[in-house]
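> Kindly generate the complete structure, drawing on both the sequences and the hints.
Everything in the sequence shown is counted per the UniProt record's numbering, starting at 1 for the first residue and increasing by one.
Since the hints were derived computationally from the structure, they do not count as laboratory data.
Note that the coordinates shown come from a computational prediction; the quantities given were computed from them, not determined experimentally.
There's no promise every hint is true.
Quick list of simulated restraints, FRET-style, between CB atoms [stated by the list, open to error]:
id, residue 1, residue 2, range
1, R217, S239, 17 to 23 Å
2, K181, W84, 37 to 43 Å
3, A85, K181, 35 to 41 Å
4, S267, V211, 26 to 32 Å
5, F266, H124, 24 to 30 Å
6, Q162, L251, 19 to 25 Å
Simulated crosslink set (DMTMM-like; lysine to aspartate or glutamate; CA at most 20 Å straight-line) [as the list claims (entries may be wrong)]:
id, residue 1, residue 2
7, K132, E224
8, K169, E147
9, K132, E245
10, K181, E147
11, K169, D213
12, K227, D213
13, K181, E163
14, K227, E163
15, K171, E245
16, K185, E245
17, K169, E245
18, K138, E190
19, K113, E190
20, K169, E190
Positions of the beta carbon are idealized from the N, C-alpha and C atoms, including for glycine.
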Amino acid sequence: MSSVIESHVRPYRDLGIVVGARPAATLLLRQESGAAATSNTPGLTSPQLDASPDRGTTALEPDILTASVQEDVGGDHRQPLGGWAKRLLDLLVASTALILASPILVLIPLLIKATTGGPVLFVHRRIGFNGKVFDCYKFRTMVPNAEDVLQRHLSRDLQAAQEWAANQKLKCDPRILFFGKMLRKSSLDELPQLFNVLRGDMSCVGPRPVVADELQRYGAAAHEYLKTRPGLTGLWQISGRNMTEYSHRVLLDTQYVQTWSLLRDFSILMRTIPAMMKFDQTS
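Here it is as structure tokens:
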């Protein structure tokens, strides 16, 4: 058992999460930090969690990061929040927006190719309804080697590293191209996500789409996030999304799910265009 812990579990303890088979994970947690620790272990579903003998000694969470079926994430989410009414609204709004924005959808790729070369779209894996992973589309706004540029910048700038750790954003991001800054400030980089809405991966209104690494920061609120499709816009967008601390963004996402109504979706959609026109000061 000790060899399994050393090679597969112990390297992840500094991340605040233990990954591995449940017996190995819970044993390490007892050795390291007892009941104060949290174990998010692949294969541990909500029913198994409730019956676990480790429930009283370790703060266990079900496997929400790699789950693909509702039993693994808890609850009985047979359909996304809002059901068919919200889906009809999504199809109507996304189809209309694509028609109206078609000249921009043609122009932006031409400008990206002319000014920076490289791929037009940035495709990233995001977590959707019931833990389903999907490809989320955006117009590319960063340099091709963005991850390398980010890591070098964070290693040289302690203040930037702290800012990134707290908010997963940087006010002065060296990865972003000049043309990309304009796209981000106007949210035009997110127009390709209209196709995600038509495909059923996303909704026009919903929580901010996140990657798997971010979902662990939601804690218990992750189950609220997984009840619905992530949104092209939401409370985070109309509340000054780029000036909002990460913990506040989680609170806004949770509040949206818990107080959802179709009328509120209409209200958020109507407030999104003025919010876009403000051109956020950070990208």
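> Now tell me, hint by hint, if it's right for this structure.
Hint-by-hint comparison with the structure:
1. R217 with S239: 17 to 23 Å: holds, 18 Å
2. K181 with W84: 37 to 43 Å: The hinted range 37 to 43 Å holds for K181 and W84, with Cβ atoms some 39 Å apart.
3. A85 with K181: 35 to 41 Å: Holds - the Cβ-Cβ distance for A85 and K181, about 37 Å, lies within 35 to 41 Å.
4. S267 with V211: 26 to 32 Å: holds, 28 Å
5. F266 with H124: 24 to 30 Å: Holds: the Cβ-Cβ distance is about 29 Å, inside 24 to 30 Å.
6. Q162 with L251: 19 to 25 Å: holds, 21 Å
7. K132 with E224: holds, 14 Å
8. K169 with E147: holds, 13 Å
9. K132 with E245: Violated. K132 to E245 sits at ~26 Å, over the 20 Å cutoff.
10. K181 with E147: holds, 17 Å
11. K169 with D213: OK: K169 and D213 at ~14 Å, within 20 Å.
12. K227 with D213: Holds. K227 to D213 sits at ~18 Å (cutoff 20 Å).
13. K181 with E163: Answer holds: K181 to E163 is near 19 Å, not above 20 Å.
14. K227 with E163: violated, 29 Å
15. K171 with E245: The given pair, whose Cα atoms are some 12 Å apart, holds under the 20 Å limit.
16. K185 with E245: holds, 17 Å
17. K169 with E245: holds, 9 Å
18. K138 with E190: OK: K138 and E190 at ~5 Å, within 20 Å.
19. K113 with E190: holds, 17 Å
20. K169 with E190: Cα-Cα ~17 Å, so holds.
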